[in-house]
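S.K.: Each protein sequence line maps, in turn, to chains A and B. Residue numbers for the first sequence follow our numbering, beginning at 1 and rising by one. Residue numbers for the second sequence follow our numbering, beginning at 220 and rising by one.
Careful: at least some of the hints might be erroneous.
[As the list claims (entries may be wrong)] Distance condition first, Cα-Cα at most 25 Å in a straight line; then the derived DMTMM-like pairs of lysine to aspartate or glutamate:
1. B:226 to B:351
2. A:69 to B:557
3. A:69 to B:264
4. B:422 to B:351
5. B:518 to B:554
6. B:467 to A:41
7. B:514 to B:554
8. A:69 to B:554
9. A:69 to B:593
10. A:39 to B:496
11. B:422 to B:394
12. B:292 to A:147
13. B:465 to A:41
14. B:289 to A:147
15. B:498 to A:41
16. B:465 to B:506
17. A:39 to B:452
18. A:39 to B:233
19. A:39 to B:274
20. B:226 to B:352
[Claimed, not checked] For each label pair, taking beta carbons as the anchor points, the in silico distance ranges come out as:
21. A:168 to B:233: 51 to 57 Å
22. B:506 to A:41: 23 to 29 Å
23. B:506 to A:37: 48 to 54 Å
24. B:232 to A:16: 56 to 62 Å
Derived from the structure by calculation, the hints contain no laboratory data. Yeah, the Cβ is synthetic: ideal placement off N, Cα and C, and Gly gets one too.
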Amino acid sequence: MNPLDLLTFARGDALNWALMLFAAGVVLRLFEIFGLGRKPDLAQPRSDSPGSGWRTMFTRSLPPQGLLKREPVTYIGGYVFHLGLLANIFFFAPHIEFFRNMFGIGWPGLPSAMVDASAVAAIAALGVLLAHRLTNPVKRMLSGFGDYLAWAVTLLPLLTGYLAYHHLLFEYTLMLSLHLFSVELLLVLLPFTKLFHTFSVFISRWYNGDIFGRKGVAS
Amino acid sequence: MSATLEKGLNSFKEVIDAPIASFFSSCVHCGLCAEACLFYTETGDAKYTPIHKLEPLRRVWQQEYTLLGKLGKALGLSLPVTDAELEEWEPLVYDSCTLCGRCSMVCPVGNDLTYMIRKMREGMAASGHAQEDLIAATTRAVTIGSPMGIKWPAVLAQIKHVQAETGIEVPVEKEGADYLVLMSSMEIINFPEYLSALSRIFKQAGVSWTLAQDAFEATNSGIQIGASDLAREIVSRIVVAAERLKVKCVISPECGHAFTALRWEGPNLMGRPFGFEVKHILEVLDELHKAGKLKTQGKDKRALTYHDPCQIARRGGVVEQPRRLLNEVASDFREMPDAGVMNWCCGGGGGVSANTRAEPLRLQAFKHKKGQIEATGAHTLVTACANCRIVMEEGLEHYHMNTEVIGLTELLAQYLVEDNAT
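Chain B with its partners taken away, still in its complex shape (with noise of 0.2 Å):
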């Protein structure tokens, strides 16, 4: 399907709803939502403000459901949009912003900028203009299955590690287990803790978990580029293994976007309620340490600040799962200032982290973040987000700060009570 500025203009015709019209005709210019991202805020330049990255959006607004842009499109006095526009603005909607919802808190009319930026995208994906690094990821998630590239021979050569360094067994293809796990490509490549830490956890707590063969990957660059059909065909097969194995519920690993790709956007991509729950392993954690069955010994010493993944907390609501795990296995721990739904992105979600055109932005985008580490005086940085933590990892180095960075899920393991009778 090839990809045409008709297309694109269509896609906006179709994204646009009550929500969106009710957006745009509440919006007085103020420019709060600037003083929200961390694009404007770290650079300086007004193009950064969130409201101006949506304006070839607004128009076709304007220009199409409203009286008065009716009138004067047919009179000829509308600057209609055009391709030029769309490759200047492509930047805007791909490079400086990370979806991450902050402006959307802050919008004093309450508008809702991150999900008419995310509907946006459709229309720049379908009228050509979508960002490549993140087409290629998408392309190769749909045909190979996994946005970087990686087959089920890779996350069986993880499995076999991890059996050998736990003695555990990772269940692969468990049908009628309680929980089927889900990985992110960054975890099989970069962080093998993951598995190997929820493996520990799950067999001390007697959780019944499986792996699937067809659907280990959990990411979604679909949502990311703005291509539903995309999305759908990569949701689907998370939705197909869940069912086939008739699991209760299917957990979304530390990472933010795929997240809100199965928790929030699943249903309505697929067009169906799912027949299983969809949980953030924050929060499967969080029950079970509830339930007295993720018991833990000791605590870290050292002083520890926890960074919230925006898809998570802000646009997930998984806020106090975190401080409460976290709070049983450290001693020190220190809330980040405008920590929990207010805190700030990492500068890379949203797909900006595989977009290589925003590297040089992201970084000067990190400064914030700099900041708010700095302000706890902790060296080591817990997350629950595969993608936060490279990109962290990546500011970190080039600020040359001398902070460690951590999933949430391998700290706990780390403190583990494990029963070496079983």
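Isolated chain A (complex conformation) (with noise of 0.2 Å):
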């Protein structure tokens, strides 16, 4: 198989196999979480706080009074990366590009300079959370071999997209393969592993946000 081939299986049948296997595991998993139910509460809620379970979901990414200080590695990390990837997987021109090709829609991107040096700091982010996380005592207990994997799968895709960018290590065709099948393993993964959170995380906030609300405070 020549680099071409490589690149049109990943961008053909690997991809397909992935976005069907991420879609199936994301449907699973949602499925596993909300058909466990939740009791009606019976205790009459205080009434002012409506609508706080949707609040909480954007609210709870600000960090609590006290907090960035106590944690500045966790939360400045957490931010840089987070940001760094939304810009590099929905700002990119050429990622738009492919959305547009799938989905139909399209939508501004950020010069390629910024998204290159967000990129950068996304992987700077990634290494400095993961020697953290190994010398963290709270967080090198609370770590396991999903931990490092989760962190693992997300590197990939950027680092070889980095590369791709860049014309370095290999090859275009096949570095650009490779960010692909990284991807494709991210996507694959992201339902079984705690990267999960990526959809659960408004799951969780919103009933975090509804259980204080129902007692008149705003979390």
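Relying on the hints, combine the two individually framed chains into one complex.
M.R.: Listed below in structure tokens is the structure:
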């Protein structure tokens, strides 16, 4: 198989399979969560917090008072990584082109240099966060194989994308194939690792906000 | 009913619902919950990380309610939850968690860890791994009527004492009264000021209230130990009395978990909404104050600070009321750092104060409260929970701090304008 065939496979069958497994996995995981149900709360809620669950979905992205100071690495590293990743996935012109081809909708992108810088920042943040995970006693205790696997499969698309964009390491066609394979690996594993928080974070935050909101507390 | 591992595991399976599944699915092992927990911040020991305390429950969720977990279990690849493990986890679940809810406010993915610990304790109790002092307290609550073993004659003695002191009749078993007043054992034994203050305030405000002979105790160790069947039995006494006396509202006393037990868990334990309201005493006092029925005169000149009981503020939504009331009677009220919904626990909530094994850890955890109090420069600490009060009094004594602790209701009564004509 020459590099072009490999790229064709990466863009074709491999991508289709990965997307199918991703979609099936996400649906399964959502079903696993919602299928458990929730007993209705019979306590009369306070009336002053309607929509608390929806608010908490967004407000929980900000650190509560004092926490940023106590855990700057986790917060700043977390922000830099997530924002960098977001910029790369959704605001890199070739990616938008890819989405346009696939879903028929596109949107304006960011200048390539800016996306490039955000990729470097996100990769650096992942490095710092890994070092923190290995050295911080709490994080090290909580971490297992799944955490390091999730870290690795998140890093690979960023790294291979960066290398492909700069024509480094391997010939471009091969590098681009590797980039696609790494994305496909991420897609397949996402529903079954902690990376599923991409979706479930909105559910858990909603429940948190709802539980607190019923008691009249904005969480 | 004997406790077995099987019952415990079944109980774990029963309590896991969609919120818990979403919480475990979302956890990214960031460890931020540790920074919110006073047992971690004051000891630096990683084992006190809140999400770690839930590890056995998490594995049951994974092995029973996820496809991969079920596959792993079928292939014998997963680590089953054992009796030995639950025994090891018992101090983490009962000694080092006060159900204060601070971690639930901090978790970036929105996990309500306290909700999960409360539920996990159901399985701990069912598997025979509940803390033994809590078991004894719950047994007393069910058989005698109060976790501290107090019976009606003790309450009656206090009523007589209060009547002699104030000259005001304390109504008992008065059908059709607006409010049913409850107390905590701690108030009956240690803080008789509460009933006395309440009698005077209600007399001045013209409030129609009553005590009930068979439902004077508001506390409910069933929700602390994690035994919903016992918690239901304890709460049902109050519900039955409130319905018999046809009151409009039941007043939860200056006690944190009693409010949670009655206000938020009560209807769910009973399986039906209540036909009466449940309010914390601070809510009632604030309403009376707003209606102009609670008049005070003069102000306390001392520097005062207020400790928000977790179950009243963060888990109860009563935050502004104590501030409004305090500013009415205090000229130098100072807030602690992190006051309000992000306040730090006294270290003795969630049954920890009843747990003798936890005492050294509790006193170590109190250092956080100590720092908060010192930051205000105040030497008078006001609160609205008799349990917080006794825990803080012990902590203050342990650290040789010259700080007095008083209940807010009692402070208000000191500045009450009393109409002597009636």
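S.K.: With reference to the structure, classify each hint as holding or not holding.
M.R.: The hints, checked one at a time:
no.	hint	verdict
1	B:226 to B:351	18 Å, holds
2	A:69 to B:557	14 Å, holds
3	A:69 to B:264	19 Å, holds
4	B:422 to B:351	42 Å, violated
5	B:518 to B:554	17 Å, holds
6	B:467 to A:41	21 Å, holds
7	B:514 to B:554	24 Å, holds
8	A:69 to B:554	21 Å, holds
9	A:69 to B:593	21 Å, holds
10	A:39 to B:496	21 Å, holds
11	B:422 to B:394	18 Å, holds
12	B:292 to A:147	20 Å, holds
13	B:465 to A:41	24 Å, holds
14	B:289 to A:147	20 Å, holds
15	B:498 to A:41	18 Å, holds
16	B:465 to B:506	21 Å, holds
17	A:39 to B:452	20 Å, holds
18	A:39 to B:233	11 Å, holds
19	A:39 to B:274	23 Å, holds
20	B:226 to B:352	21 Å, holds
21	A:168 to B:233: 51 to 57 Å	55 Å, holds
22	B:506 to A:41: 23 to 29 Å	24 Å, holds
23	B:506 to A:37: 48 to 54 Å	37 Å, violated
24	B:232 to A:16: 56 to 62 Å	38 Å, violated
Of the numbered hints listed earlier, those contradicted by the structure are 4, 23, 24.
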